[in-house]
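2 protein chains.
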Amino acid sequence: MPVGTRATVKTLSPLELDEISAQIILGNTYHLYLRPGHELIKKAGGLHEFMSWEKPILTDSGGFQVMSLAGLRKITSEGVKFQSHLDGSYHFFTPEKVIAIQNAMGADIIMSFDECPPYPATKKYIANSLKTTLDWAKRGKEVHKNIKKQALFGIVQGGIYQDLREESARKLMEMDFPGYAIGGLAVGEPKEELLEITNFLNNILPQDKPRYLMGVGTPLDLLENIENGIDMFDCVMPTRNARKGTIFTKKGKMIIKSARYKEDFSPIDEDCDCYTCKNFSRAYIRHLFSVDEILGMRLATIHSLHFYLELVKNARLAILENRFEKYKKECLSRGWARMNTD
Amino acid sequence: MPVGTRATVKTLSPLELDEISAQIILGNTYHLYLRPGHELIKKAGGLHEFMSWEKPILTDSGGFQVMSLAGLRKITSEGVKFQSHLDGSYHFFTPEKVIAIQNAMGADIIMSFDECPPYPATKKYIANSLKTTLDWAKRGKEVHKNIKKQALFGIVQGGIYQDLREESARKLMEMDFPGYAIGGLAVGEPKEELLEITNFLNNILPQDKPRYLMGVGTPLDLLENIENGIDMFDCVMPTRNARKGTIFTKKGKMIIKSARYKEDFSPIDEDCDCYTCKNFSRAYIRHLFSVDEILGMRLATIHSLHFYLELVKNARLAILENRFEKYKKECLSRGWARMNTD
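If you're matching them up, the sequences are chains A and B in order.
Per my numbering, the very first residue in the first sequence carries number 1; after that it's consecutive.
Per my numbering, the very first residue in the second sequence carries number 1; after that it's consecutive.
Because the hints were derived from the structure by calculation, they are not lab data.
One or more hints might be untrue.
The list makes no distinction among identical chains, and a pair is therefore deemed to hold if it is satisfied within one copy or across any two copies.
What the hints assert, rightly or not - Derived SDA-like pairs (lysine to any residue); straight-line CA-CA distance at most 25 Å:
1) K171 x D273
2) K43 x E270
3) K123 x D264
4) K131 x N202
5) K43 x A259
6) K10 x K244
7) K257 x N28
8) K42 x E270
9) K124 x L164
10) K141 x S290
11) K10 x R243
12) K244 x P120
13) K55 x L34
14) K278 x T5
15) K244 x I319
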């Protein structure tokens, strides 16, 4: 899912997202609640209408963002009191309020409010936090009325502790959500810990419901977690890196500002059919970045998102044709697998 | 002509320019010479190929930019020595060099190197300057080899002095250029002076050659100068204003960040068929500007350029149907005519 924090996937138009075959995008509840506000979005006819995007949208719960406001928030069993990072104004998120906000915005998939604990944290802290998150999931589910149009996902927490992850998953499954997210990972823990958890949950979460690993990751992360049963991802990496001139290609990361591309009139990827590669050279895109022209960020973003979407599209195809292992191996033999370690 | 100073019309892709029916765009020789350099553009296959724009391009001569480098340039009859505004490096432009640069870039219309005198300036200064400019026009024309593919225009100078303007026009006409630009206006003189000069030159310049008024202007300026026989314009106003959130509309200037548009879910112009107006509301574009999202600048630029291009397209149609006076009157009765005086 390309990330469209503030009702826009940075630098792109909905038309361009459609052209790279984006199927679903993500919006951030915390940011949209602050600006322009969920009530305004509701008046506009919902988030789809507001931003002119007809395909599916997922909104997160704001849990991760609110927890990231170190020093500005206070968590109780009731909810989270926090100060806006914009103007310091005080706000209070409860699980009920977060559902009401997401109901107003009208995304197709919405998220339960969760506490996203830091890493590292003691098992005791994680266990306590998990209790709160489970209670919040229940409270949110009870007030969610718009069930036919908006699928509310539960979020599995539990840090790096398998027994807590299992408890979290089983209790959410008892509540019977239409999909399950895995939260609280990719927050600083070693990559092996993350993979252990997704591998472990692969045998617990129901096969017939989508699984969404939040905030992950590099192309290699995606492949390894698809192998562990993950169906959905979101990450700012392709878009954020692209805006800084670091582009994902089939041969590895391309730092487009590098002098080596100054007179390189080939496209970013030779056999890529995105708008960028069909029309523009590395030399031109490098020029645009050198002179700070916005079109450079746009062209880099189009290519990098297209790269990600092709990766998962082909992974899906490989799974359907029962050759995912081979697909992953082929991918790993290519230069871009190294992008993970840079 | 939308202005694409550095081989990109700011924030837009060539596809978007094509969609708003841009027929020709302008590139700036001074900027492109410094970055990425005309030799690199030549290696790329020319400016069209480099920026992926198949339709016509006009490049200016760099005269105006070089003259604007107050304190950094020294004018002699041979040419202009100047320092780059980027790194202070020294460069020397002669009329021959400026043609060579423009030959390398390969625009469809190229400009003679001229001295663009400041306003106000004494008649003696202007007369001397004019001598230099006429000599440069001759020298440039002599070295211009690529006549079949690139039309070299002469630039009429002479400040606000009709006799000098006439002398300039007649001497250039003796050299027989395929088109004539009017330079040295819109540099601070009263608007009446500008209109007097274009009206005066209307009876002197040949009817069957295009006339290009450089660096003009507001929508009203365009109409008034079309009436004075001008065929071509360039101005950064629609694009620069749009990026700052000031949008041209049929009812006047729209400061999109204004609180009055916060919950205004109508398009910028009700009966406009540009991508922006067909898909997005004032409230959404205002939101994008409020949170500094690039898509806001893009959508505003698309609309404002479309507005300008519709204005001149309809002016042309009115001329062909012999009803320009009526068209201009209709335009003036509308709110946007006031945009000129803001």
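Each hint tested on the structure:
In this assembly of identical chains, K171 and D273 lie within 25 Å of each other by CA distance neither inside one copy nor across copies; the values are 45 Å within and 53 Å between. Proximity of K43 to E270 under the C-alpha cut-off of 25 Å is restricted to the inter-copy arrangement: shortest distance 19 Å between copies versus 46 Å within a copy. With identical chains, the CA atoms of K123 and D264 are never at most 25 Å apart, being 53 Å at best within one copy and 50 Å at best between copies. In the homo-oligomer, the alpha carbons of K131 and N202 lie at most 25 Å apart inside one protomer (22 Å), although the nearest pairing across protomers, at 83 Å, exceeds that limit.
Proximity of K43 and A259 under a CA criterion of 25 Å is satisfied inter-copy only: 16 Å between copies versus 49 Å inside one chain copy. For the homomeric pair K10 and K244, the shortest alpha-carbon distances inside one copy (12 Å) and between copies (18 Å) are both at most 25 Å. For the identical chains of this complex, K257 and N28 are inter-copy neighbours only, at 22 Å across copies versus 31 Å inside a copy, given an alpha-carbon limit of 25 Å. Proximity of K42 to E270 under the C-alpha cut-off of 25 Å is restricted to the inter-copy arrangement: shortest distance 22 Å between copies versus 44 Å within a copy.
When the C-alpha separation of K124 and L164 is checked against a cutoff of 25 Å, the pair qualifies only within one copy, where the shortest distance is 10 Å, while the shortest distance between copies is 89 Å. Proximity of K141 to S290 under the C-alpha cut-off of 25 Å is found in neither arrangement, the shortest distances being 50 Å within a copy and 33 Å between copies. For a Cα distance limit of 25 Å, the shortest separation of K10 from R243 qualifies both inside one copy, at 9 Å, and across copies, at 16 Å. Taking the closest pair of Cα atoms, K244 and P120 never come within 25 Å of each other, the shortest separation being 30 Å inside a single copy and 45 Å across copies.
Taking identical chains as interchangeable, the C-alpha atoms of K55 and L34 lie at most 25 Å apart only when both belong to the same chain, with a minimum of 24 Å there against 44 Å between chains. With identical chains, the CA atoms of K278 and T5 are at most 25 Å apart between copies only, with a shortest distance of 23 Å across copies and 28 Å within one. Proximity of K244 and I319 under a CA criterion of 25 Å is satisfied in neither setting, with 33 Å inside one chain copy and 48 Å between copies.
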